[in-house]
Amino acid sequence: MSAQHRQGSSRHAGRAAIGAVAYAVTVFLLLPTLVIMPMSVGPERYLRFPPNGFSLRWYAEYFGDADWINATLFSLEIGVVTTIAATVVGTMLALALVRGRLPGKGLVELLVIGPVIVPHIALAVAMFLVFEQLRLTGTLLGFAMAHTILALPFVVFTVLAALYRFDADLERAALSCGAGPLRTFRHVTLPLIAPGVVSAALFAFIISFDEAVVSFFISNLDRKTLPRKMFEDIDYNVSPTLAAVATMLTLLTIVALVGSHLIKSRLDRRTRTATD
Amino acid sequence: MSARPARWLLGGRHYSEVASLALAAPFLILAFVAFILPLGSLLHESLFLPAPTLAHYERAVTEPVYLRVMLRTLRIAASVTVLTLLLAWPLAWLMARSSGLKLAILVASVLLPLWTSVLVRTYAWMVLLQKNGVINQLLMGAGITSEPLRLLYTEGAVVLAMSHVLLPFMVLPIFSALRGIPDDYSRAAQMLGASEWATFREVIFPLSLPGVTSGCLMVFLLALGFFVTPALIGGPQQMMIATLVSQQVREMLDWSFAGALVGVLLAFVLLIAILFKRAVRLDRFVGSA
Chain A
1 MSAQHRQGSS
11 RHAGRAAIGA
21 VAYAVTVFLL
31 LPTLVIMPMS
41 VGPERYLRFP
51 PNGFSLRWYA
61 EYFGDADWIN
71 ATLFSLEIGV
81 VTTIAATVVG
91 TMLALALVRG
101 RLPGKGLVEL
111 LVIGPVIVPH
121 IALAVAMFLV
131 FEQLRLTGTL
141 LGFAMAHTIL
151 ALPFVVFTVL
161 AALYRFDADL
171 ERAALSCGAG
181 PLRTFRHVTL
191 PLIAPGVVSA
201 ALFAFIISFD
211 EAVVSFFISN
221 LDRKTLPRKM
231 FEDIDYNVSP
241 TLAAVATMLT
251 LLTIVALVGS
261 HLIKSRLDRR
271 TRTATD
Chain B
1001 MSARPARWLL
1011 GGRHYSEVAS
1021 LALAAPFLIL
1031 AFVAFILPLG
1041 SLLHESLFLP
1051 APTLAHYERA
1061 VTEPVYLRVM
1071 LRTLRIAASV
1081 TVLTLLLAWP
1091 LAWLMARSSG
1101 LKLAILVASV
1111 LLPLWTSVLV
1121 RTYAWMVLLQ
1131 KNGVINQLLM
1141 GAGITSEPLR
1151 LLYTEGAVVL
1161 AMSHVLLPFM
1171 VLPIFSALRG
1181 IPDDYSRAAQ
1191 MLGASEWATF
1201 REVIFPLSLP
1211 GVTSGCLMVF
1221 LLALGFFVTP
1231 ALIGGPQQMM
1241 IATLVSQQVR
1251 EMLDWSFAGA
1261 LVGVLLAFVL
1271 LIAILFKRAV
1281 RLDRFVGSA
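Sequence lines, in order, name chains A and B. For the first sequence, position 174 matches number 174 in the working numbering, and the numbering has no gaps at all. One rule links them: number in the working numbering = place in the second sequence (from 1) + 1000.
For the record, the hints were derived by calculation from the structure and aren't laboratory data. Honestly, I wouldn't trust all of these hints.
As the list claims (entries may be wrong) - Computed Cβ-Cβ distance ranges for the label pairs, DEER-style:
#1 A/Arg-48 / B/Leu-1028: 52 to 58 angstroms
#2 A/Arg-266 / B/Lys-1102: 19 to 25 angstroms
#3 A/Pro-43 / B/Phe-1048: 56 to 62 angstroms
#4 B/Arg-1187 / A/Ala-179: 47 to 53 angstroms
#5 B/Val-1065 / A/Gly-106: 37 to 43 angstroms
#6 A/Asp-167 / B/Leu-1037: 37 to 43 angstroms
To be verified - If you want a taste of the chain B side facing chain A, the calculated C-beta under 8 angstroms gives, among others:
#7 Ser-1016
#8 Phe-1027
#9 Leu-1030
#10 Phe-1035
#11 Trp-1093
#12 Pro-1113
#13 Ser-1117
#14 Leu-1266
All C-beta atoms in this analysis are idealised placements derived from N, C-alpha and C, irrespective of residue type, glycine included.
The shape of chain B in the complex, shown without the other chains (with noise of 0.2 angstroms):
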């Protein structure tokens, strides 16, 4: 035996600590320089500039025009999650059960859409929503309105937009968790005497549990801070706090403020973060017991 292949093959691991650092120490870097850092100033331009101050954190969280975009944030991230899991949980629920092509063209039409460019998918709303657009051009031709609805720039708008963008976010857990459930589980509710209905209510639901939180609080953190599908599609008019940061970064050039609704926007979301790692090992409690 050479080189004392012990010292390599500790339990599995076996590179050394300095080597595992070397072989860490480009991502700590990029870490550093390209996250880091950059939320680090800009954290510090909201509570430094000038002097140590939380009055960028009050005038985001009491002014009433602020508030109101707070507001607004929560309610359509709410809507887009509760939208998103009735129109995911059916189609995951069809792909957990089929196989073969018909799987291979479901999970195509949920992939296709996750991998499309949010900007396309945006821009076809924008084309399908317009005055004269497709959905206003249907609705004359059906006769359910005479003139053209405005519906770019609306609420409705947004929430239906990026629904449509964040819905693969929904259908991938909640598919995986269906999944997950073996056959016999049913087969043996049925046995001991359960309805269809009371399968899905006592059996199958209750499993894909686990899914629909997992995609509920991803849609709802992504949904939190969306830029681009609520920029374009809900214009100034309906504007999230995503949009209200950039407009003051590139319009009002106020770094400390658009600092304090960034610290806002964090704060939310690594709350709801730690919630979720907490939900998920919950589960794992309440399962094992």
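Same shape as in the complex, but just chain A (with noise of 0.2 angstroms):
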């Protein structure tokens, strides 16, 4: 009895221990961007910890300074574009791999987790030499190619598992009650299927959005991303402002990823009470 009495607390001891463990590994997770928010409402010129007085100052700085407020409609342009044309392009992509006939299939695939597998600095020192060459460098045409590409391999994959997941019996039942092709993917595939194309959009925004390393090397002197605006900021001088931009930019990422739950979810009860 008392053997099974140790065994039972060392299982506990154990149990717990590796418990705390994986708290504390949140708090490590979590903690250095939640530091920065209060810091970015600091009134000092010098970011201190815990902030001796709240003031906007930050803020209005952010506000009023034409670079950062171009960088960052720039951003959101490039993000937008880059949305619509990998969730088209990544959406025609899974469909031809899952329900078509593409020769050379094996090689499309490998192009597609191409840019996963290929390190970014690699990607974005050899876009920066051909599109220099292609006047591409700086315009949106450039960064939404480059971020296009980027954001594919995840939009296929979420199409790809959201295409698996549904019974292609439905599609067939469409097909031979004389639907055609696109009356068949406009009422029977897309509905199923737009939980993950919505997904992948969101996804395919925030890599976009965030993305820097490319950035960094397509960008000029006067069109630049936020990242890369950050980047040379961070670089040259560690101000306030970019306490209080960090600070929007992760309450921004929490808005879109409790957004996107709440979207998906809601979308999923659709699905299934329209398959049920």
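Could you fit the two chains together into a complex? Lean on the hints.
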């Protein structure tokens, strides 16, 4: 009995220890970005923790600076174009991979995961070399192409997963009832994969909006993205304006994550009731 | 029956070859312009300028300055992989045993950093590690040191910040491996008399290994080519291969040498990716045997 008791308590101790480490790791994961938030509302030119006062001075600085605002707007613009391009191109490709007979399918799949395996620094420098010659550096088209190729693997995998999840017989039924492939896609396939497509689109936007390495190289002096502008500012002067920008970006990420979760569960529920 | 549906419905694959190619065409064009052409041109630059030569590659792997950078890159990538594994396993284990709100909070604590800009996270570490940053204030407040330590631009700082940035890539595959282990397995082991520790050692940990393998390879691959965090936290003192490539392109304008460095990096990464594929297959083989 005492042996059993000892075993029970050591089991408890072991589990409690792993659990304690795990909670410490979540703190490690979250703390650095959360520490920035209170520091961003400090009134002093020098970042300190805890802040000795409350001021929105650095937020005002951000909104009053044309350089910051232009970089933000350019990043948003690129993000929207990338989201549309990556979602459309990626969904088309996923359909071809699952429902089509694509010659050289293995090679195409390799091309899709290429940008995940090839380090971003390699792609960034390579694109800088070619885009400079094609006069694409600092242009919306250049950034959109670069970000789309980086976001595509995530879009294709997400849509592929959604396509594999539903019963292809539903499509076959629509086709044999006389609907053309386009109508079948519009009325059967698309509604069923909608949750996957929506999260793919969101992935694409975040990937584009946060992308720093390729943007670092294909920006030019007058047209740069927000991450490139942040990179320059961190490198030259660690000003509190950056803390304000970092705080806003973190809050935006929280909103996007919660939003995507809500949209997805809503669409999932709709899909489930539709197929029940 | 109209229009012979059999041609469209062959084995569930109902687009013809032409239609499939048309669907894939936008991707293929984009992949050519933004992937194949750039990488091809850069590698061409490293091999054929001015005439076919391996001189740039020779320089990259023989000159001590550059060799040091490569060794440091491998060392940092390995340290980051080990550290993230040690931190990720317990968290993945706790996540796999949780449900409901607790699971949601744990998942959020992994996903939020994953989707927060790398620059924001790197900036946070710079603020924490600065000479009069939070960590030095804490250390001095606790009386551990009397004057601020130089934490930034050290290899330790690079490893710490990169581990923080790459940790989610380790947690998620281990979590999904642990999540896939049916509860019955540990119950069965314990019914057969295995202690908690033996169950962990003989059942849970071995079954988590596929997740551990893919997490380690993912983190190692990403760490090898990492640019933003080492460039800002490590500075020129702790140069890694990505920072060296950037310097060659932006400061030295030496495209051929930058191309050779990228070639070496790509060779490493592809080798690991191929081994990784084999490792996964081998695993499946062992599992079915």
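Comparing the hints with the structure gives:
1. Between A/Arg-48 and B/Leu-1028 the beta carbons are some 54 angstroms apart, a value that agrees with the proposed interval 52 to 58 angstroms.
2. Between A/Arg-266 and B/Lys-1102, the C-beta spacing of about 23 angstroms keeps the proposed range 19 to 25 angstroms intact.
3. In this structure the supplied range 56 to 62 angstroms holds for A/Pro-43 paired with B/Phe-1048, their Cβ-Cβ distance being about 58 angstroms.
4. With their beta carbons about 50 angstroms apart, B/Arg-1187 and A/Ala-179 fall inside the hinted range of 47 to 53 angstroms.
5. Checked against the given bound of 37 to 43 angstroms, the beta carbons of B/Val-1065 and A/Gly-106, roughly 41 angstroms apart, stay inside it.
6. One distance hint, 37 to 43 angstroms for the beta-carbon pair A/Asp-167 and B/Leu-1037, holds here, with the actual separation near 40 angstroms.
7. Satisfaction of the interface hint for B/Ser-1016 is found here, the shortest Cβ-Cβ separation to chain A being roughly 7 angstroms, below the 8 angstroms cut-off.
8. At a threshold of 8 angstroms, the smallest CB-CB gap from B/Phe-1027 to chain A is about 4 angstroms, leaving the interface hint in force.
9. Restraint check, B/Leu-1030 versus chain A: the minimum CB separation of about 6 angstroms is within 8 angstroms; hint holds.
10. With a least beta-carbon distance of about 6 angstroms to chain A, the hint placing B/Phe-1035 at the interface is held under the 8 angstroms criterion.
11. Annotation: B/Trp-1093 was flagged as interfacial toward chain A, and the flag holds, the nearest CB pair being 6 angstroms apart, inside 8 angstroms.
12. Hint status for B/Pro-1113 relative to chain A: holds, with the closest Cβ pair at about 5 angstroms, below 8 angstroms.
13. The beta carbon of B/Ser-1117 comes within 4 angstroms of a beta carbon in chain A, closer than 8 angstroms, and the hint placing it at the interface holds.
14. Because the smallest distance between the Cβ of B/Leu-1266 and any Cβ of chain A comes to about 6 angstroms, under 8 angstroms, the interface hint for this residue holds.
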